[in-house]
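Engineer: Chains as they are written, first to last, in the numbering used here: chain A, 190 to 326; chain B, 190 to 326.
Pairs count within a copy or across copies, as identical chains cannot be separated in the list.
Restricting the straight-line Cα-Cα distance to at most 30 Å, the calculated cross-link-like pairs of lysine-lysine (DSS-like) are:
hint, residue 1, residue 2
1, K262, K225
2, K286, K208
3, K285, K208
4, K194, K208
5, K303, K195
6, K195, K285
None of these hints come from the bench; they were simulated from the model.
Number of protein chains: 2
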Amino acid sequence: MPIIKKIHHVAVVVQDIEKSLLFWRDALGMTLSQVKNVPAQNARIAFLPAGESEVELVQPVGIDSGLARYLEKKGPGMHHICVQVDAIEPMLEQLKKLGVRLINENAMPGGDGKLYAFVHPESTGGVLVELYELPEN
Amino acid sequence: MPIIKKIHHVAVVVQDIEKSLLFWRDALGMTLSQVKNVPAQNARIAFLPAGESEVELVQPVGIDSGLARYLEKKGPGMHHICVQVDAIEPMLEQLKKLGVRLINENAMPGGDGKLYAFVHPESTGGVLVELYELPEN
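Please construct the entire structure, taking both the sequences and the accompanying hints into account.
Structural biologist: In structure tokens form, the structure reads like this:
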């Protein structure tokens, strides 16, 4: 049985990373480890580690992406929760067998040896859930 | 300077805990540590640990509460993120000095020696943020 190891990150969609950092970094005092352009996601992402997890501030780049439309429609706020799993393909098989609706039917390469897949909010009770398998597993 | 130690939990507002457990416990395979009635929050809460954090499934009890109205208005999904801080009162002072809008101006007792306070989404970029100080600090 595949196992959920931890909450890897919580992603927050933001209009302006610099403005959001005024709260998360400057007011709460969280450490900003890096800000990275992620063209594959049409986004710029700020990473703020907290214990074994991270808060990720995700700013859409351009207007023609799912993320930009999400921000336009729902406004800024929590976007998804990512849980780390020890073995993503067996987990996806298990979810499919149980009739869970997946956005990614197979694990996608996410760079640095990472594999990811999204579960559709329809099957989770309204939460966009991302699964990660990391090389460290 | 007060320090954020970790993500303590992510709270998901649900219509029906038993139905939600079909995904989080039965499909994802997360452990259900307990289900608890929390009259102070007009809620029934299921706790599912993941590493050093937890997913909390929060079902409103009754119709006359902020939580029930939230569910009615926004539908089920992520409700708030809770970060653990080593010293909550100094953190609240720091936030107030920086003009951050707080829902609880002072730390509230949450049982078992826990102290909590909520930060208003207006100051965080749309995210309801809870702060926890735990006796273990």
